[in-house]
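**Student:** Those sequence lines, one after another, are chains A and B.
Position one of the first sequence corresponds to residue 1 (our numbering), numbered consecutively onward.
Position one of the second sequence corresponds to residue 1 (our numbering), numbered consecutively onward.
Errors might be hidden in some of the hints.
30 Å max Cα-Cα, derived DSS-like pairs, lysine-lysine [what the hints assert, rightly or not]:
| no. | chain 1 | residue 1 | chain 2 | residue 2 |
| --- | --- | --- | --- | --- |
| 1 | A | K299 | A | K233 |
| 2 | A | K299 | B | K171 |
| 3 | B | K138 | A | K31 |
| 4 | A | K89 | B | K138 |
| 5 | B | K91 | A | K58 |
| 6 | B | K79 | B | K138 |
| 7 | A | K89 | B | K125 |
| 8 | B | K91 | B | K220 |
| 9 | A | K233 | A | K31 |
| 10 | A | K31 | B | K79 |
| 11 | B | K79 | A | K89 |
| 12 | B | K123 | B | K105 |
No wet-lab data here; the hints were simulated from the structure.
Model, not experiment: these values are computed from the prediction.
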Amino acid sequence: MAEVFSQIDDYLIEVDSPERYIGQEWNQIVKDWDSTDFKICVGFPDTYEIGMSHLGLKIIYHMLNEENEFLCERVFAPWTDMEDLLKEKDIGLFSLENKRELMDFDLLGFTLQYEMSYTTILNMLDLGKIPVYSSERGKEDPFVMAGGSTVFNPEPITPFIDFFYIGEAEENLLNVVKSLKKWQEQNLNRDDILFKLAQLSGVYVPSLYETQFDGQEFSGIRPLKDSIKPEIKRQRVNNLNNAYCPTDYIVPYMEIVHNRAVIEVSRGCQRGCRFCAAGMTYRPTRERSVEKIIELADKTLASTGYDELALASLSTVDHTKIKELLDQLTERYNSSNISISLPSLRVDEFSVEMAKNVQEIRRSGLTFAPEAGTDKLRERINKGIKEEDLYKSVKAAFSYGWHRIKLYFMLGLPGETEEDLLGIANMAKNVLDIGQEIRRNTDRRMKKVEVQVNVTTFIPKPFTPFQWVKMASMEEIRDKINFLQKNLRKKGINFDWNDPEVSRLEGLVARGDRRMSEVIYHVWQQGSRLEGWNEHIYPERWFEALDKYNIEIESIIGEKSPDQPLPWDHLIAGVNKEFLKEEYRKSFLSEETPDCRWNYCSDCGVCYKPYSELCLESNQVIDNVN
Amino acid sequence: MLIRAKFARDYNLRYISHLEIMDTFRKGIRRAGLPGAYSQGFNPTLNLSLSQPLPVGMAGGGEYLDLELTRPINGEGFKARLNSFLPEGLKILDARYIPDQTGLKSLQALLNRAEYHISARGKLKEKREVLIEKLMAKNKIIVIRKRRNKPDREYDIRPLIFEAKVLKDNKISFIVSTGSSGNVRPEEIVKALQTLEPEVPDHSVIDFYRSGLFVEKGDKIISPLTDQVLEER
Chain A
1 MAEVFSQIDD
11 YLIEVDSPER
21 YIGQEWNQIV
31 KDWDSTDFKI
41 CVGFPDTYEI
51 GMSHLGLKII
61 YHMLNEENEF
71 LCERVFAPWT
81 DMEDLLKEKD
91 IGLFSLENKR
101 ELMDFDLLGF
111 TLQYEMSYTT
121 ILNMLDLGKI
131 PVYSSERGKE
141 DPFVMAGGST
151 VFNPEPITPF
161 IDFFYIGEAE
171 ENLLNVVKSL
181 KKWQEQNLNR
191 DDILFKLAQL
201 SGVYVPSLYE
211 TQFDGQEFSG
221 IRPLKDSIKP
231 EIKRQRVNNL
241 NNAYCPTDYI
251 VPYMEIVHNR
261 AVIEVSRGCQ
271 RGCRFCAAGM
281 TYRPTRERSV
291 EKIIELADKT
301 LASTGYDELA
311 LASLSTVDHT
321 KIKELLDQLT
331 ERYNSSNISI
341 SLPSLRVDEF
351 SVEMAKNVQE
361 IRRSGLTFAP
371 EAGTDKLRER
381 INKGIKEEDL
391 YKSVKAAFSY
401 GWHRIKLYFM
411 LGLPGETEED
421 LLGIANMAKN
431 VLDIGQEIRR
441 NTDRRMKKVE
451 VQVNVTTFIP
461 KPFTPFQWVK
471 MASMEEIRDK
481 INFLQKNLRK
491 KGINFDWNDP
501 EVSRLEGLVA
511 RGDRRMSEVI
521 YHVWQQGSRL
531 EGWNEHIYPE
541 RWFEALDKYN
551 IEIESIIGEK
561 SPDQPLPWDH
571 LIAGVNKEFL
581 KEEYRKSFLS
591 EETPDCRWNY
601 CSDCGVCYKP
611 YSELCLESNQ
621 VIDNVN
Chain B
1 MLIRAKFARD
11 YNLRYISHLE
21 IMDTFRKGIR
31 RAGLPGAYSQ
41 GFNPTLNLSL
51 SQPLPVGMAG
61 GGEYLDLELT
71 RPINGEGFKA
81 RLNSFLPEGL
91 KILDARYIPD
101 QTGLKSLQAL
111 LNRAEYHISA
121 RGKLKEKREV
131 LIEKLMAKNK
141 IIVIRKRRNK
151 PDREYDIRPL
161 IFEAKVLKDN
171 KISFIVSTGS
181 SGNVRPEEIV
191 KALQTLEPEV
201 PDHSVIDFYR
211 SGLFVEKGDK
221 IISPLTDQVL
231 EER
């Protein structure tokens, strides 16, 4: 164990949850430091209990450790008490496995999941004794890379990251890391290596591109050299059954956010909700076969000892063989006291039926996301569910024994009117009525019916048909929240909302261009990090910095013309811009675009055949057209 | 049917809480495929109980667990199998199969003696022999205990300290009462030593180790795995 840890080990009793920093969990992989050539550390810019719940990080950790020539360790953001301790003892942020300071690694990779975690990345670099700006890193410093779901607009953090990997890790990450190792062994200098990395598929080296502005407006991005590709394609796995998938996941000691065995049953969703970035950037839907899922579940449960299995995806009940899968899993694990959970549910009776079949035990709350208050607005955002569907679903849920229903809505959707807000209130009241009616007429004991209404501010995100939409102002959102508060005052209904100020910052980072990097740096310099935690976010620092650097908020989250350049135009996420424009146009007409798995091809650009021909054969390999 | 086992939790896992250790055992038992019995009800969990919680920050060399079984398994087999499914630092040292647990006292009710080792530093190291003698010669050792929502209470721990001796490698061993019939915390002993010699280092910089938990029988302390304990129902 490295020297640094012995200097700090005895003091860990003074910090909150020392288990966050000690590693040593079941299934962790500790390789010999000195005899391994190339050392990688994967970082998650939030605390251990959040980061350890993230599936992508687990896949990358195990995938890289499969290779003898690498070692791959983990690091998470320290809580403030641990940060103080590190600073007091002058110890760099260290990895959990060999307890090495981050600067000792060859490559440090960050997972991007949330826009407000970017200041934490800067903080982790600094605590790990690595220069925060790429331009200040030298031969002795690690390469810093980043990837993940918010990588589709990397611009706000480009000065801090040497290179980005765009897309799904299983496809090309190993090749990228192996190439980097090879070039490093050839003793090439840092700039040459970056130049070579930029030639690889899916790799974006931001320092080799230049952005242009016309006053406040972003006007384009282009490579500095002709030999650098002008566009970077998202890497994606074509066949999920063949994709690398570990089963020997690390088992944390501490209670983490999602403390269970997780099997990803499918990736992608083509329902085409116009606000949903994941639904656009993870296309097409790729399913794992029932046999493969069961094989993975068996191995994962045996290797971890978990007694709960979650079937994860963007929309699990959309798996074409969901019923067969759940039947087989419940039969298989019935006698071994393993419970199965479905983290995401559609608003329909079928979903409730599926949830009922698996959640025989621990049945308390069920969550639905109608997203908007009226059928009309839902048509506009292409969330093709009717009010009646919700009522049928909750009726089923209440009669199966659930007593708490959570409803998620967004405020500030394009075209939202007072009628839509009243719609939210009415839906909540009607759901309560349905529940109370069932409770009155049932013979069995049923707990008091509760309806929880949660609203968040709609954030128009890159690579969605709403990427050109003006984000609603905080004042508008606050008025809407007040309106709902007045209209939702009823016993049995709880109303809660996310802070619109924080959502505004998320929007600014999500759609920001390179100018935002100065803001992020400034906010971090003021002491901000761990901004996913309410107690650590100071929105005023962001607004001060925007002011200081003379960045007009409207130039980022104001209304854009579909013809004007966007800061993420050089990335190819799969769906093409023409499709997004068409969807944007159709939204004004409240025109529906159905899921192409069951209907005609919507010509999004992801596959070159009408997708419906491919999807029904579940193991079909889909060729990449891009 | 029951397995009663003695286990050690090493220094490297001293920051893991009691509940987390419990959960680590449950998962280890599941991984090992051992025939543990589950509770009835909405949340079936393995019927596993552990001896008195170790405070966070302390390792233990003689801790115990009871696991209810659905079919018989011999102690040696249990030990060998489970050990290959536990993380480094958690180890079964000994295990006994108990075919019928009728009338058997729970570990928490049974175990009433604990032995702690204190690694002496500074003045405590220098004057350890004298200090221990002085401590044991006292009639009363009053400590202040904080209580939730109640005023602090004075408490005499002297009758609960049964033995103190100096071991090799600068350690001091104390045998004290533990459990519901009276409990002494090792840091209270260090505080008491500080009243005798103000330069004794603070308990926060001293390493504690619980070397074992025992059952008091007459003037002897014995393991809960002995026939004498198991036969007395």
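**Student:** The structure should be examined with respect to each hint, and the outcome stated for every one.
**Tutor:** Each hint, compared with the structure:
| no. | hint | verdict |
| --- | --- | --- |
| 1 | K299/A to K233/A | violated, 34 Å |
| 2 | K299/A to K171/B | violated, 46 Å |
| 3 | K138/B to K31/A | violated, 54 Å |
| 4 | K89/A to K138/B | violated, 41 Å |
| 5 | K91/B to K58/A | holds, 27 Å |
| 6 | K79/B to K138/B | violated, 44 Å |
| 7 | K89/A to K125/B | holds, 26 Å |
| 8 | K91/B to K220/B | holds, 26 Å |
| 9 | K233/A to K31/A | violated, 34 Å |
| 10 | K31/A to K79/B | holds, 27 Å |
| 11 | K79/B to K89/A | violated, 41 Å |
| 12 | K123/B to K105/B | violated, 42 Å |
The structure shown violates the earlier hints numbered 1, 2, 3, 4, 6, 9, 11 and 12.
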